[in-house]
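Chains as they are written, first to last, in the numbering used here: chain A, 194 to 645; chain S, 41 to 203.
Hints are computed from structural coordinates only; laboratory data are not their basis. As the structure is a prediction and not an experimental result, all values here were calculated from the model. Beta carbons: idealized from backbone N, C-alpha and C, even for Gly. Hints are supplied without guarantee of correctness; some may be wrong.
[As the list claims (entries may be wrong)] Computed spacing ranges between beta-carbons, pair by pair:
no.	chain 1	residue 1	chain 2	residue 2	range
1	S	Ala168	A	Arg508	29 to 39 Å
2	S	Ser157	A	Lys633	53 to 63 Å
3	S	Ser157	A	Ala350	53 to 63 Å
4	A	Pro353	S	Asn47	46 to 56 Å
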Amino acid sequence: MLMVWRLLAAVVVVILVGFGAFYAWAWNSEIPPANSSGASFDPGIIAKGAKLAAIGDCAVCHTRAGGKPYAGGFPLETPFGTIYGPNITPDPQTGIGLWSEAAFRRAMRSGVDREGNHLYPAFPYDHFTKATDSDISALYAFLMTREPIPQANRPLALTPPLNWRLFAAGWKLLFLTRGVYQPDPKQSPEWNRGAYLVTGLAHCGACHTPRDTFGAETDDHFGGGMAEGWLAPALNASSPAPVPWNADQIYAYLRNGFADQHGFAAGPMQPVVHSLRNVQDSDLHAIATYISAVSGPQNPAEVDRRTKAALEFARSRDMTVSPKPSVEPATTGSAATRQASPGAAIFAGACASCHHSGGALPISRPISLGLSTPVNEPDPTNLIRIVLGGIHPLPGDRGPIMPGFAGALTDRQIASLVSYVRSQFSGQPAWPDADDVVTKLRQSTPPPMEAP
Amino acid sequence: MIVLNINGNPQQVDADPRTPLLYVLRNDLKLNAAKFGCGLGQCGACTVLVDHEPVFSCLLPISVLEGRYIRTVEGLGSADKPGPVQRAFIEEQAAQCGYCSAGMMMRAQGLLEHNASPTDAQIRDYMATNLCRCGTQMRILRAVRRAAQAMTASLEPVQEASK
Chain A
194 MLMVWRLLAA
204 VVVVILVGFG
214 AFYAWAWNSE
224 IPPANSSGAS
234 FDPGIIAKGA
244 KLAAIGDCAV
254 CHTRAGGKPY
264 AGGFPLETPF
274 GTIYGPNITP
284 DPQTGIGLWS
294 EAAFRRAMRS
304 GVDREGNHLY
314 PAFPYDHFTK
324 ATDSDISALY
334 AFLMTREPIP
344 QANRPLALTP
354 PLNWRLFAAG
364 WKLLFLTRGV
374 YQPDPKQSPE
384 WNRGAYLVTG
394 LAHCGACHTP
404 RDTFGAETDD
414 HFGGGMAEGW
424 LAPALNASSP
434 APVPWNADQI
444 YAYLRNGFAD
454 QHGFAAGPMQ
464 PVVHSLRNVQ
474 DSDLHAIATY
484 ISAVSGPQNP
494 AEVDRRTKAA
504 LEFARSRDMT
514 VSPKPSVEPA
524 TTGSAATRQA
534 SPGAAIFAGA
544 CASCHHSGGA
554 LPISRPISLG
564 LSTPVNEPDP
574 TNLIRIVLGG
584 IHPLPGDRGP
594 IMPGFAGALT
604 DRQIASLVSY
614 VRSQFSGQPA
624 WPDADDVVTK
634 LRQSTPPPME
644 AP
Chain S
41 MIVLNINGNP
51 QQVDADPRTP
61 LLYVLRNDLK
71 LNAAKFGCGL
81 GQCGACTVLV
91 DHEPVFSCLL
101 PISVLEGRYI
111 RTVEGLGSAD
121 KPGPVQRAFI
131 EEQAAQCGYC
141 SAGMMMRAQG
151 LLEHNASPTD
161 AQIRDYMATN
171 LCRCGTQMRI
181 LRAVRRAAQA
191 MTASLEPVQE
201 ASK
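Please build the complete structure, drawing on both the sequences and the hints.
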């Protein structure tokens with residue numbers, strides 16, 4: 194009996210010591226407030242910081258809809274609750290006006306705020322830890338010279354007990370690998386520049402890499418993830434794009450929001466492209482070089498064959514659509530069965546005037562749907578989101594307009610439309626769950642306008 | 041044969057089910073308020089209401105409309121007895137060439153059915169899909185505000201009586 198008690202006591206001591214050690218490891222001291230107001234920075238450094246902030250797209254998570262830039266309030270939905278991006282303008286009371294550069298660097302590298310609190314990994318310090326000292330200094334100079342906006346931060350709405358910040362420390366113990374990006378000497382300087390930006394400040398993997406149950410990115414780098422309820426498609430060898438991406442297409446997509454073999458940027462990628470406007474060409478080319486290499490070593494002949502096959506398939510499927518009521522549909526075979534479906538009638542009346550080859554849209558013409566990633570993805574989420582809400586340029590931006598059909602079509606009609614589009618324009622198996630996904634997404638989409 | 045409920049009247053239509061509603065309204069039913077502008081969902085001249093939601097009738101095949109409640113400007117009132125939105129557009133002279141007016145009025149009607157007293161920002165946001173090339177936007181905004189006031193005022197006695 195005594196043995197049992199001794200054993201239990203030993204276990205308790207081990208747990209206490211372990212927790213004490215963890216607590217000591219997790220404890221961070223406050224960094225004294227610095228009076229940064231009126232601090233002067235080299236204009237060249239500020240300009241460099243502005244470009245880095247554009248690559249990192251800091252403004253997206255740190256600006257609420259209709260709010261002042263960087264003053265915080267954006268609701269980032271996570272499986273663990275909602276996190277509101279904080280105010281990172283140099284306001285001393287509500288922003289980061291009292292943060293020294295050392296405090297800012299600690300936040301970027303270790304996810305700890307000036308007062309010593311652990312920050313949740315919704316702030317992607319697992320990527321930002323790779324940034325160089327000089328880049329972090331430039332970002333600091335840029336943020337400290339923004340207009341200070343007094344705007345109090347919204348408290349986080351995390352599922353208890355995750356609101357206990359020590360959980361963030363535990364997460365770091367398990368998943369955070371600190372360290373500045375180390376160039377790969379076997380690769381070109383451009384590849385290394387791209388890898389540094391993509392895996393660091395641009396944090397592309399935060400959306401495009403799947404996450405495990407703890408919210409950490411898995412080892413399936415760029416294997417496809419979620420962003421604000423949209424699929425962030427895989428960028429690696431399992432990319433659903435019919436035509437394999439190459440560096441030229443990636444560059445065009447990031448520069449103009451449009452690539453002629455892949456289509457227009459939509460959903461959460463729109464603000465990313467908008468932000469990248471402030472980034473110089475050389476950095477976008479570097480990013481494109483690295484991303485195009487992510488899908489692994491490519492056999493040029495094989496890429497060429499897949500490209501030609503995808504273009505030919507898309508063209509052939511365009512030919513079998515009957516675009517206008519006056520044109521008789523195909524009368525035999527599986528094409529005839531497709532054209533007789535309710536989805537085909539909806540496509541002919543609602544979509545074909547723009548999406549059929551030879552469609553009348555004079556500018557911003559859509560690509561052939563056979564080349565579209567949302568049509569070829571294993572999950573119908575993105576296509577249904579686009580049908581429900583359409584595509585609209587960001588306020589003040591130019592860009593294509595596709596009207597949303599949420600008010601015009603019922604759930605059942607949208608499900609039969611996307612099922613038809615899938616069977617007509619992709620060589621992929623049918624989506625078994627289109628009905629359920631439409632219902633789910635419509636419930637999570639706010640109604641067009643309700644009384645205040 | 042498809043039966044459409046238009047402005048409360050069941051209408052038998054003998055047309056290809058893929059035909060967009062706009063062509064049926066104008067060519068088959070002679071309801072000429074809704075206009076063909078671009079045919080691509082970019083301008084809003086063809087806007088009508090389906091189950092209280094403004095939609096582009098140029099991009100809506102009649103196959104999806106059986107059993108749904110379709111309204112056009114003809115259902116808002118007549119030249120002799122204009123409805124509140126029509127009256128507000130007349131009083132504010134919210135048109136120059138008038139080509140966009142039918143779509144504008146239907147979208148305004150849809151807005152006010154969802155939100156009886158919208159803010160200026162909400163009006164601008166909601167009306168943004170409908171274009172006017174003549175530059176009467178400020179008058180249209182005033183007309184929507186006027187219609188909102190008129191409709192709210194006309195509701196008040198009813199609310200009083202129901203108390």
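Next on the checklist: Going through the numbered hints above, which ones does this structure break? Give me the numbers in ascending order.
Outcome noted: Result: hints 2, 3 break, sorted rising.
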